[in-house]
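Start from the sequences and build out the full structure, keeping to the hints where you can.
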Amino acid sequence: MNEVVPASVPVDGLLSVAWLVIVLPLAGAALLLLGGRRTDRWGHLLATGTVVAAFAVALACTLALTERAGRTVSLDLFTFIDTGNLDVTAGLLFDPLSAVFALLITGVGALIHVYSIGYMAHDPGRRRFFAYLNLFVAAMLLLVLGNSYVALYVGWEGVGLASYLLIAFWHTRPAAATAAKKAFLMNRVGDVGLALAIFLMFAQLGTTSYAGVFGSVGLLAGGTVTAIGLLLLLGACGKSGQFPLQAWLPDAMEGPTPVSALIHAATMVTAGVYLIARSAPVYDATPTARTVVLAVGAVTLLIGAIAGCAHDDIKKVLAYSTVSQIGYMFLAVGLGPVGYAAAIAHLLAHGFFKAGLFLGAGSVMHAMDDSVDMRRFGGLARKLPITFVTFGLGYLALIGFPFLSGWWTKDAIIEVALDRGGWSGWVLGGVAVLGAGLTAFYMTRLMLMTFFGRPRWEEGVHPHEAPASMTAPMVLLAFGSVAAGFLLVAAFPLSGWLEPVFGEPEEAAHLVSPLVVSIVVTVVVALGALTAWLFVGRREVPTTAPARVSPVVTAARRGLYADTINESLVMRPGVWLTRALVWLDARGVDGAVNGAAAALGGGSARLGRAQTGFVRSYALGILGGAVLVAGALVAVTA
Amino acid sequence: MTDVPWLVLMIVVPAVGAAVVAALPAAREALARQLALAVSLLVLLLAVLTTVAFDPGGERFQLTTSVAWIPDFGVDFALGVDGIALSMLLLIGVLVPVVVGASWRDTPLPRPGRPARSMTAFWAWLLLLESLMVGVFAATDVFLFYVFFEAMLVPMYFLIGSFGGENRQYAAVKFFLYSLLGGLVMLASVIGLYVVSNSQLGEGTFAFDALRQLEIDPNVQKLLFAGFFLAFAIKAPLVPFHTWLPDSGAEAPIGGAVLLVGVLDKVGTFGFLRYCLPLFPDASRDLAPWVLVLAVAGIIYAALLAVGQSDMKRLVSYTSIAHFGFIALGIFAFTTEAATGAVLYMVNHGIATGLLFIVVGMVIARGGSRQIRDYGGLAAKAPLLAGVFLLAGLASLALPGTNSFVSEFLVLIGAFPTRPVFTIIATVGIVLAALYVLLMYQRVMHGPPRGVLLVDEDGAGDHDPADHGAGDHGAGGGATAVPERGAGGATAVLEAPARARVLAVRDLSGREIAVVTPLVALILVLGVYPQPLIDLVSPAVEATMSDIGVDPGGSTPAAPGSTGTGGTD
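Chains as they are written, first to last, in the working numbering: chain B, 3 to 640; chain D, -17 to 551.
Just so you know, these hints were derived from the structure itself, not from any lab. Everything numeric in this text was worked out from a predicted model, so none of it was measured. There could be a bad hint or two in this list.
To be verified - From the derived model, a few chain D residues whose C-beta atoms are all more than 10 Å from chain B:
| id | residue |
| --- | --- |
| 1 | I52 |
| 2 | T89 |
| 3 | D264 |
| 4 | Y511 |
What the hints assert, rightly or not - Distance ranges between label pairs, derived from CB positions:
| id | chain 1 | residue 1 | chain 2 | residue 2 | range |
| --- | --- | --- | --- | --- | --- |
| 5 | B | D14 | D | R194 | 50 to 60 Å |
| 6 | B | E501 | D | R194 | 54 to 64 Å |
| 7 | B | L221 | D | P200 | 36 to 46 Å |
| 8 | B | F537 | D | P430 | 54 to 64 Å |
| 9 | B | R589 | D | P53 | 27 to 37 Å |
| 10 | D | Q151 | B | M573 | 38 to 48 Å |
| 11 | B | G72 | D | P430 | 49 to 59 Å |
| 12 | D | D489 | B | M573 | 27 to 37 Å |
| 13 | B | L221 | D | Y511 | 48 to 58 Å |
To be verified - Here are some of the chain B residues that sit facing chain D, going by a computed Cβ distance under 8 Å:
| id | residue |
| --- | --- |
| 14 | L77 |
| 15 | T81 |
| 16 | V194 |
Just so it is clear, CB atoms sit at the ideal spot from N, CA and C, and this is done for glycine as well.
Dropping the structure here:
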């Protein structure tokens, strides 16, 4: 209705079927779920095929997009809801931002599908697994390709469902079932924020489409925009595992490892960054909300890094690392226009190396009879050479080894943080540098405990390298870990590609020379790695975690007490309240009703006998009531 | 086609069917249920044809029939539907055959010392109920509406009281008296309306269209409103008038529970829209904040209670009370979007909660217990059953992609501009909805096999699952307590003893798949493409909005730049 459609040029050719990107994996999921056991034999191949095909379509659409002026295409598909003033059209927005996400999701998604063919080869539920994985890809694509907040919300909850199904994939394990429920619930808390933001947009602007909202957000009062920004942030925190809603993400590692790689590292958990980057026009109008975004990012960055230092479960360490790295991205988007492109670049690079790291962890688990305890690993470098090399490259990329991906993208964020200037710039920059050192510590510790040192394997474990269907995706992602940063920052700057979304990249006047930043960061990273070697590398790793440790280590082991806080502030009072209400409803409300009924029935305790008295008294009551009403009417109208 | 009295047919066909079935000898149970299925499918066909004959862009009330009934009091047998009523007739048309299929193998609980009851009566009451439900939505004469409203209680009373669980008598009587009380108070208001029309028009009438034109003194409006409101607030229970529903929902046979919560209770919310708002616009506006307090309190209160339930059928009943809160919020927010959402909610809730009740019934049919703690790990044994259970649950928590999302979203986004505070509180309810659905799903479906899935090989432990339902809620699943598992004489135990083995549980049978498929399909289709349904109900919703003086164009958003959210609360 009140929408400003940016792309007035009619959409033709390939871009007019961009919806295929979503429909292909969705059809795969539907076919596998409805087809039942008939599809057991080839279902996984079909599912992989749909994602590869979706990647091909996404790539072709992106190439077609480069030809178009403005590099933005809006595609209306059908009327979803149209009543009163509300007009929600199901439509897609294909622009540089959604294009890079579509490529990341389908590209990394396709690799992880291939990997899962090997990883899940002997699982009786393989077909179900691939169906859910396809469902996830479809929902995630809808999330990033929708052209309105409602479409985003539909995809947003869709990925939440897929995440729930996949965390609980081995649902006979109570821990997996509980982790899935926890993830869904904490996400729903965030969803309340997202939903309220959408309601507020509609109430104030009469529209929920990106074009409509961004076109008139400038007319809104400051307080309203800040409210919208903070509500969106709440949603983003839920989905991306950011403070204070971060506690679900480490538990989500109960899901199969390919799920951790795709959903809980590379794509879904970065949806919050997408939401904030996509809503750039909103945040540009509210410095207050933006400051909260970067504060959340800085706090989470440290929480994740500290907790990552103390865990012995290889997947939990990687999960806390993800929490921490997404903190970097939040910090960057919170810095505003100078940070958007840096955040997206780090997001893409992180998608490659963290997915690679998780697949490597899966390969290690595959070799170690599904064990995740790093204290029972050790000396795996020679047994798993491909895993070691690819994982090692991902490790170097993550800690920011010079000229690998993380070095380019993380340093860019640290620079932007320092450029903010003033005391806050120094604090944020300092936090980011400290985080880099901690990252080097926990990742080096992980490397040393897993691949180096004396084997501490359980009896009967015979490590062996994974099949080619698993190692091939690891190798490809390793290439990405090495080169993505250089390609996205130096060779083909992402900021230029994203210009139609975020505007002209600013050439910031650096307060601190990038060279100095780079040297300082590299030194801190080296110190972190060295500390890890001093603590772990040069002495024997005990096979059980030491019990007598400092309060700091205990706090880190318990994720800085996030679960404790949630349980004592929300869960236990909730249980208490629920029990009290159940009692109240039975004794109080219903008791009052039954008591009144008994009194009406002449004090009879037995309902059977009360019944006759009842009906009579009601008949009397109704007679009296009718007389009363009629009398009142006569009195009033007379 | 418009000359065919479709609405009369929709009332007469199931009534005649009920009479024929009732006349069958008690031994002809198989024939009775076949007849019931045939008749209900015929009514579904009639509902579809009625919809084809209906013109969404035409007159407000269509397919009208009017015959003088009690001329002395101006009572007419007047029928007619608008889009809202028609959508409810479609819901009835779909749900009754599904309920027949779901109840296909039900048998009544044995009665000590007396021969088992024949199911023939069950099918007859079911068809009679269908006829009366059509009547209550199709009536355009307020007195006729009242007659159907009260008559509807009788078949439901017998469905619960004769075919329900252990505590069926208590539940049935409570249901009956509660509803009767509301109905009688409403009768006082109906008579009051007649008196007013007599003094204003010179001739008393019960015709809805005539009554709508009355100019009633605001204070009188409040009195009359209160009578209607109490009846409707009991029927679509708003807290604190709700306590009869968990008992009835838990004790009713599954088929009865589906129709009770899916259709019967909607008469209450339908009544708000059809009678309270247009007839008493001033009173509705004045009293709306109080209604909204009840609605929103119910959303949170009933959801918390649902979280705390140990009986699956009670749990689903409490979720419905929370959902009725959303519907009431949509109606009394006075915007086109929210009211459209409320109407869609009435349809979608019937489908989604209907499916949830049916699936819960299928679980109970396998385990013989309503208690959540008697189950665990069912998903590994019956994946299809678990999948449908989850889908019904997701629809209940209004996940996007399911039909309920559209209605809940419309209610909330439509109510926000006029009632931001109430809407914010209601939105918190979506977290609680996720909690009660996923808690129940996890406990019943996930984890290692336990409860009724385990048998002690020695048969030593004799923990009959029914024993665990101690307390006042009973345990047997009522008419659905026929275990479909092939456990000859094996006893179920709660904790896994050393020698326990996991029992085979049948996944969905062909009949059960046929029963759930239409509802599953509707949940998904209406979740992705709801606009045809919106187009069907919109004109009637807009007419209702103009009756209370709201611009039917919709909630006008505050001008951009204004600081407030245009709220009045």
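Status of the hints after comparison with the structure:
| no. | hint | result |
| --- | --- | --- |
| 1 | I52 | 17 Å, holds |
| 2 | T89 | 25 Å, holds |
| 3 | D264 | 14 Å, holds |
| 4 | Y511 | 7 Å, violated |
| 5 | B:D14 x D:R194: 50 to 60 Å | 52 Å, holds |
| 6 | B:E501 x D:R194: 54 to 64 Å | 59 Å, holds |
| 7 | B:L221 x D:P200: 36 to 46 Å | 39 Å, holds |
| 8 | B:F537 x D:P430: 54 to 64 Å | 39 Å, violated |
| 9 | B:R589 x D:P53: 27 to 37 Å | 51 Å, violated |
| 10 | D:Q151 x B:M573: 38 to 48 Å | 39 Å, holds |
| 11 | B:G72 x D:P430: 49 to 59 Å | 57 Å, holds |
| 12 | D:D489 x B:M573: 27 to 37 Å | 34 Å, holds |
| 13 | B:L221 x D:Y511: 48 to 58 Å | 33 Å, violated |
| 14 | L77 | 17 Å, violated |
| 15 | T81 | 5 Å, holds |
| 16 | V194 | 5 Å, holds |
Taken one by one, the earlier hints fail for this structure at numbers 4, 8, 9, 13, 14, listed in ascending order.
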